[in-house]
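Student: Given these sequences and hints, build the entire structure.
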Amino acid sequence: MRQLLLALLVLTTGCSAQAGEDGPLLVAAASDLGPAFTELGEAYERDTGRAVTFTFGSSGQLSQQIANGAPFEVFASANEAYVDDVLEAGQGDRQSKAQYALGQLVVWTRPDAAQAGLSQLGQARFRRIAVANPEHAPYGAAAVQALRSAGLYDQVRDRLVYGENVSDTLRLASSGNADVAIVAQSLAAVEQGGHYTEVQPGLHEPLRQALVVTAEPERAEAAQDFADLVVSARGREVLSRFGFAPPEV
Amino acid sequence: MDWFPLLLSLRVASLATLLAAVFGIGGAYLLAKGRFPGRGLLEAVASLPIVLPPTVLGYYLLVVLGARSPLGRAWESVFGGPLVFSVSGAIVAATISALPFCLRTARAAIEQVDPRVEAAARTLGLPEWRVALQVTLPLARRGVIAGVALGFARALGDFGATVMVAGNIPGRTQTMPIAVYDAVQAGDDARAGTLALILAVVAVAVLLLVNRFSRVGV
Numbered sequence: 173m174r175q176l177l178l179a180l181l182v183l184t185t186g187c188s189a190q191a192g193e194d195g196p197l198l199v200a201a202a203s204d205l206g207p208a209f210t211e212l213g214e215a216y217e218r219d220t221g222r223a224v225t226f227t228f229g230s231s232g233q234l235s236q237q238i239a240n241g242a243p244f245e246v247f248a249s250a251n252e253a254y255v256d257d258v259l260e261a262g263q264g265d266r267q268s269k270a271q272y273a274l275g276q277l278v279v280w281t282r283p284d285a286a287q288a289g290l291s292q293l294g295q296a297r298f299r300r301i302a303v304a305n306p307e308h309a310p311y312g313a314a315a316v317q318a319l320r321s322a323g324l325y326d327q328v329r330d331r332l333v334y335g336e337n338v339s340d341t342l343r344l345a346s347s348g349n350a351d352v353a354i355v356a357q358s359l360a361a362v363e364q365g366g367h368y369t370e371v372q373p374g375l376h377e378p379l380r381q382a383l384v385v386t387a388e389p390e391r392a393e394a395a396q397d398f399a400d401l402v403v404s405a406r407g408r409e410v411l412s413r414f415g416f417a418p419p420e421v
Numbered sequence: 071m072d073w074f075p076l077l078l079s080l081r082v083a084s085l086a087t088l089l090a091a092v093f094g095i096g097g098a099y100l101l102a103k104g105r106f107p108g109r110g111l112l113e114a115v116a117s118l119p120i121v122l123p124p125t126v127l128g129y130y131l132l133v134v135l136g137a138r139s140p141l142g143r144a145w146e147s148v149f150g151g152p153l154v155f156s157v158s159g160a161i162v163a164a165t166i167s168a169l170p171f172c173l174r175t176a177r178a179a180i181e182q183v184d185p186r187v188e189a190a191a192r193t194l195g196l197p198e199w200r201v202a203l204q205v206t207l208p209l210a211r212r213g214v215i216a217g218v219a220l221g222f223a224r225a226l227g228d229f230g231a232t233v234m235v236a237g238n239i240p241g242r243t244q245t246m247p248i249a250v251y252d253a254v255q256a257g258d259d260a261r262a263g264t265l266a267l268i269l270a271v272v273a274v275a276v277l278l279l280v281n282r283f284s285r286v287g288v
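Chains as they are written, first to last, in this note's numbering: chain A, 173 to 421; chain B, 71 to 288.
Please keep in mind that the hints were generated in silico from the structure rather than gathered at the bench.
Just so you know, not all the hints are guaranteed correct.
Have a look at the derived ranges for each label pair, beta carbon to beta carbon [stated by the list, open to error]: (1) B:ILE120 to A:GLU211: 27 to 35 Å; (2) B:LEU277 to A:LEU375: 49 to 57 Å; (3) A:GLY221 to B:LEU141: 38 to 46 Å; (4) B:GLN204 to A:GLY221: 56 to 64 Å; (5) B:ARG143 to A:PRO389: 15 to 23 Å; (6) A:TYR325 to B:ILE120: 50 to 58 Å; (7) A:GLU377 to B:ALA144: 53 to 61 Å; (8) B:LEU267 to A:ASP326: 43 to 51 Å; (9) B:THR125 to A:GLY262: 46 to 54 Å; (10) B:GLY263 to A:GLU409: 30 to 38 Å; (11) A:GLY348 to B:LEU277: 43 to 51 Å; (12) A:GLY221 to B:TRP199: 56 to 64 Å; (13) B:ARG143 to A:TYR325: 39 to 47 Å.
Idealized CB from N, CA, C, for every residue including glycine.
Tutor: Set out below in structure tokens:
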């Protein structure tokens, strides 16, 4: 018993170092940014010598967490509206808000299935169609809009399954639990195997991806450096390689 | 291999178990011995964390303890930082999740103790608190330890409540279960598998250890 208590004591007093002034920059980013931001994060670390830590999730959930006091210092959303939510909750610097890309929606199918476009999703061979939860994931909302515009929604509605966010959605299909997924091109492009077909952008509201600095004043400069990198020509080059279009001017 | 999630999980789970044990055993004694109105209701409410889905529990904790709530503000004015999205937040979430397991199991064990033994201690002049600490609890120890072990298991494995209250911040609040989830999301099946295996091994090792202690006696 005594050893057990001793071990407990060591555990609870040890490793209590907290990320403070010099800790890594905390960036909350939409799931579609995973591969692209990982590369930009490495560039940021090389440039500034400061480490950066990413939390990827659905934009709606992340904005909710920031509004509730989560210590993220940059918020990169897949949809401008969630940036506005954060600003309305008084958690961001209005001046730092910037659009950095337009998201591209694609239909992804597994390597063992034939490539398919949005218009074919009504076919019976697609028994389960994965989309991100449209309640809080911008790509999910865009996918549902596109299905409606194509006149397919009522036909496929009972076959839709929801992912927590857009990378979870791709996981549903890549693991074979859904036959097809409507996801971000930025994720489909780096997925091993599989095929994807672009969804016509005109079928849904543009996925205007925007970011905002949400850091405390003493860390705002470091956070702004990252935001600047994302919207810079270099950032745009990386984003375009992962299938993002440049923002509307 | 990044060991941070494992160390954090062990730290959060042990502190949460300690807190849940103190409040759980204290509460169990009160429920077993006390005769006061609303006792049944109190026990039912204390069992809510077992009944509610962890995410729902986490959601309400976020509402009650969040940066904009009175409790959250009070915490911030005392400790200088918000409770939610911090390690302390993770500990609170794990404590609440573990509490009913400690409480219910300990209460059943305390009620099984033969009241004649306690009465005998009283006739020998022991004050009530010494009867509790020196007679009742040692006799109920198997059940009490089993409850604490269950609480530890629950605290170590919590995902839903922790991710709501403390978020998923690598290097800060990302515990093992959240790291497994994160690896699955990122499509890194190898990492997810390794982390899950380590978590399972650690959990089994700790529970075996506790089992041995409860056999040997205190």
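Student: If a hint holds in the structure, say so; if it doesn't, say that too.
Tutor: Okay, the hints, checked on the actual structure:
no., hint, in the structure
1, B:ILE120 to A:GLU211: 27 to 35 Å, "violated (44 Å)"
2, B:LEU277 to A:LEU375: 49 to 57 Å, "holds (54 Å)"
3, A:GLY221 to B:LEU141: 38 to 46 Å, "holds (39 Å)"
4, B:GLN204 to A:GLY221: 56 to 64 Å, "holds (60 Å)"
5, B:ARG143 to A:PRO389: 15 to 23 Å, "holds (20 Å)"
6, A:TYR325 to B:ILE120: 50 to 58 Å, "violated (40 Å)"
7, A:GLU377 to B:ALA144: 53 to 61 Å, "violated (42 Å)"
8, B:LEU267 to A:ASP326: 43 to 51 Å, "holds (45 Å)"
9, B:THR125 to A:GLY262: 46 to 54 Å, "violated (26 Å)"
10, B:GLY263 to A:GLU409: 30 to 38 Å, "holds (35 Å)"
11, A:GLY348 to B:LEU277: 43 to 51 Å, "violated (34 Å)"
12, A:GLY221 to B:TRP199: 56 to 64 Å, "holds (58 Å)"
13, B:ARG143 to A:TYR325: 39 to 47 Å, "holds (44 Å)"
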